Amino acid sequence: MIRVQRADFDVAAEMASLSAEAPGAGAVCVFVGLVRDLSRGEPVAAMTLEHYPGMTERTLARLEAEARDRWPLAGVRIVHRHGRLDPGERIVLVAVASAHRDAAFDACRFLIDRLKTTAPFWKAEENPDGRRWVEARPEDDAAVERWGVEDSPKP
Amino acid sequence: MVGGPRPVRLLYFAWVREKAGLGAEEVTLPAAVSDVSGLVAWLRARGGGPSVALADLTRLRVAVNQEHVAFDHPLAPGDEVAFFPPVTGG
Numbered sequence: 074m075i076r077v078q079r080a081d082f083d084v085a086a087e088m089a090s091l092s093a094e095a096p097g098a099g100a101v102c103v104f105v106g107l108v109r110d111l112s113r114g115e116p117v118a119a120m121t122l123e124h125y126p127g128m129t130e131r132t133l134a135r136l137e138a139e140a141r142d143r144w145p146l147a148g149v150r151i152v153h154r155h156g157r158l159d160p161g162e163r164i165v166l167v168a169v170a171s172a173h174r175d176a177a178f179d180a181c182r183f184l185i186d187r188l189k190t191t192a193p194f195w196k197a198e199e200n201p202d203g204r205r206w207v208e209a210r211p212e213d214d215a216a217v218e219r220w221g222v223e224d225s226p227k228p
Numbered sequence: 039m040v041g042g043p044r045p046v047r048l049l050y051f052a053w054v055r056e057k058a059g060l061g062a063e064e065v066t067l068p069a070a071v072s073d074v075s076g077l078v079a080w081l082r083a084r085g086g087g088p089s090v091a092l093a094d095l096t097r098l099r100v101a102v103n104q105e106h107v108a109f110d111h112p113l114a115p116g117d118e119v120a121f122f123p124p125v126t127g128g
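Just so you know, the protein sequences line up as chains A and B, in that order.
So the mapping is simple: the working numbering equals the position in the first sequence, first residue as 1, plus 73.
So the mapping is simple: the working numbering equals the position in the second sequence, first residue as 1, plus 38.
Calculated directly from the structure, the hints in this document are not laboratory data.
In this text the structure is predicted, and so the values were computed from the model without any measurement.
We put the CB at the ideal spot given by N, CA and C, even for glycine.
Worth double-checking, as some hints may not be accurate.
Derived DEER-like restraints, expressed as beta-carbon distance ranges [said to hold, decoys possible]:
(1) A/Trp220 - B/Glu105: 14 to 22 Å
(2) A/Val84 - B/Gly59: 38 to 46 Å
(3) A/Ala172 - B/Arg82: 48 to 56 Å
(4) B/Gly61 - A/Val222: 24 to 32 Å
(5) B/Glu105 - A/Pro211: 19 to 27 Å
(6) A/Glu115 - B/Pro45: 41 to 49 Å
(7) A/Arg143 - B/Leu95: 26 to 34 Å
(8) B/Gly61 - A/Ala86: 27 to 35 Å
(9) B/Lys57 - A/Ala172: 44 to 52 Å
Calculated from the model, a selection of chain B residues having no Cβ within reach of chain A, i.e. all distances over 12 Å [what the hints assert, rightly or not]:
(10) Glu63
(11) Pro68
(12) Gly116
Just chain A, same shape as in the assembly (with noise of 0.2 Å):
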């Protein structure tokens, strides 16, 4: 299950709700992003991140399926937050549940590592110079590389 949303969400409550749709788990991998309060030796004021609505939603669905394709997954939950957020607030969860714990931690860097190059958002940072747009970084395609797939074709 995937959701986007503006507000903040409660680990506590995502992990119990998808551990009461997957009874038979034995492993829950988690993964939280925040936002950081510093970006290249600067401090970070604040980050609003806008998205594609829309493309966003069909994009992670299609993720939680490819997972699905890849791992014996009992259950999955993405939760991506846009809008502005301070140094510290919660970003995006990743959340999986399997039988075992190496489909549940795989499956869970794999959503993680093709979010970070597929979903449509965009960073713009606030410091005390004025606002930027993030760069793209080139770790996080050669993240996705180890996967096996390529994703958002370049020109």
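Take the given structure of chain A and dock chain B to it, following the hints.
Okay, now just chain B, sitting in the frame of chain A:
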């Protein structure tokens, strides 16, 4: 409907939206435009904010009907074409 009007919806996001000066517009594809690259060439020739925003393709990505595609992707009437920088979510 060969020869009929070919409307498409254009969307711009993040700094592409800011440089373009607008987030969305409806355009009618000229007969000569068959793919995304052709659309970009036409938008550049048209001028205005979008021509500035689309000046450097190496900094852009494109989606047609909400799927990431390459710039040689063909276009059809009613398509939704979105231009944006490489994504930075998560």
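Each hint, compared with the structure:
no., hint, verdict
1, A/Trp220 - B/Glu105: 14 to 22 Å, "19 Å, holds"
2, A/Val84 - B/Gly59: 38 to 46 Å, "40 Å, holds"
3, A/Ala172 - B/Arg82: 48 to 56 Å, "54 Å, holds"
4, B/Gly61 - A/Val222: 24 to 32 Å, "30 Å, holds"
5, B/Glu105 - A/Pro211: 19 to 27 Å, "23 Å, holds"
6, A/Glu115 - B/Pro45: 41 to 49 Å, "44 Å, holds"
7, A/Arg143 - B/Leu95: 26 to 34 Å, "33 Å, holds"
8, B/Gly61 - A/Ala86: 27 to 35 Å, "34 Å, holds"
9, B/Lys57 - A/Ala172: 44 to 52 Å, "49 Å, holds"
10, Glu63, "16 Å, holds"
11, Pro68, "21 Å, holds"
12, Gly116, "15 Å, holds"
Of the numbered hints given earlier, the model fails none.
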